[in-house]
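Novice: Sequence:
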Amino acid sequence: MTAKEAPPGPGLAEAPHHAGHRERLRARFMKAGPDALADYELLELVLFRAILRRDVKPLAKDLLKRFGSFAETVAAEPERLREVEGLSEAAVVELKLVQAAALKLTQGQVLNRTVIASWSALVDHCRASMSYDQVEQFRVLFLDRKNALIADEVMQRGTIDHTPVYPREVVKRALEVGASALILVHNHPSGDPTPSRADIEMTKEIVAAARPLRIQVHDHLVIGKGTPASFKALGLL
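Each step along the sequence shown adds one to the number in our numbering, with nothing skipped, and position 235 is 319.
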């Protein structure tokens, strides 16, 4: 046996097969950006922080197999993430931190800015907040007289296909925050953003309740898996 083939000496453990992989992946991310990495590699980077001494590539691929994509994985409910074998509580926290950071970033791009100037950013924020939610939620974007966003609030959460909405509560909250206009937003967990008859009737009720108080409803967006449906663009508002 040559010196090159000799086993490691006493006290020198053989390096695991993934030694150096973490640094190489981090370096590639910093040099080329996230577009140069596959979804499972981005998940590996997140998992590195919580799982220090284990090859996390199989776990990252298991997460994608279960949830479908990087975005759907970080948006998954903690209870569902905990069902994945090998995913520690610390790793669940890291995944949810990524989601929280993404939401804070998109929120910062639209808060206190005019809706007209930042419409695409506002839509991106709504999609990031709602498109992967497994139950319906109804949120209201409250605008001031200059159409700048002053508050973004989830008013109701419902079931997989229904959210109870109370027009008087929406208008009451608008008065409390001093809003002059509203943008209504809700999601369809099915992924199909087509407005339902119930969506249309509920929107009419909110418009009717807001009109006497000179509060305008600019639009109602329905968030699915693709391009959101706009009541205004569809001629429903």
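Derived from the structure by calculation, the hints contain no laboratory data. Everything numeric in this text was worked out from a predicted model, so none of it was measured. It cannot be assumed that every hint is accurate.
[As the list claims (entries may be wrong)] Straight-line alpha carbon distances no greater than 30 Å define the calculated DSS-like cross-link-like pairs of lysine-lysine that follow:
| # | residue 1 | residue 2 |
| --- | --- | --- |
| 1 | K309 | K188 |
| 2 | K288 | K316 |
| 3 | K309 | K288 |
| 4 | K180 | K288 |
| 5 | K288 | K141 |
| 6 | K230 | K256 |
| 7 | K288 | K149 |
| 8 | K230 | K188 |
| 9 | K149 | K180 |
| 10 | K309 | K145 |
| 11 | K188 | K149 |
| 12 | K256 | K316 |
| 13 | K230 | K141 |
| 14 | K141 | K188 |
| 15 | K288 | K230 |
| 16 | K230 | K145 |
| 17 | K145 | K180 |
| 18 | K180 | K230 |
| 19 | K141 | K115 |
| 20 | K115 | K230 |
| 21 | K145 | K115 |
| 22 | K180 | K316 |
| 23 | K115 | K149 |
[Unchecked claim] Label-pair restraints from in silico Cβ distances:
| # | residue 1 | residue 2 | range |
| --- | --- | --- | --- |
| 24 | L136 | L259 | 17 to 27 Å |
| 25 | E125 | A282 | 17 to 27 Å |
| 26 | Q300 | M114 | 25 to 35 Å |
| 27 | E169 | A205 | 16 to 26 Å |
| 28 | L136 | R252 | 14 to 24 Å |
| 29 | Q218 | E173 | 17 to 27 Å |
| 30 | A185 | D119 | 31 to 41 Å |
| 31 | R112 | S172 | 19 to 29 Å |
| 32 | R112 | Q191 | 42 to 52 Å |
| 33 | Q300 | G104 | 17 to 27 Å |
By construction, the Cβ of each residue, glycine as well, lies at the ideal position given by its N, Cα and C atoms.
Novice: Of all the hints given earlier, name the ones this structure violates by number, lowest first.
Specialist: 4, 5, 7, 13, 16, 18, 20, 22, 24, 25, 26, 27, 28, 30, 32 and 33
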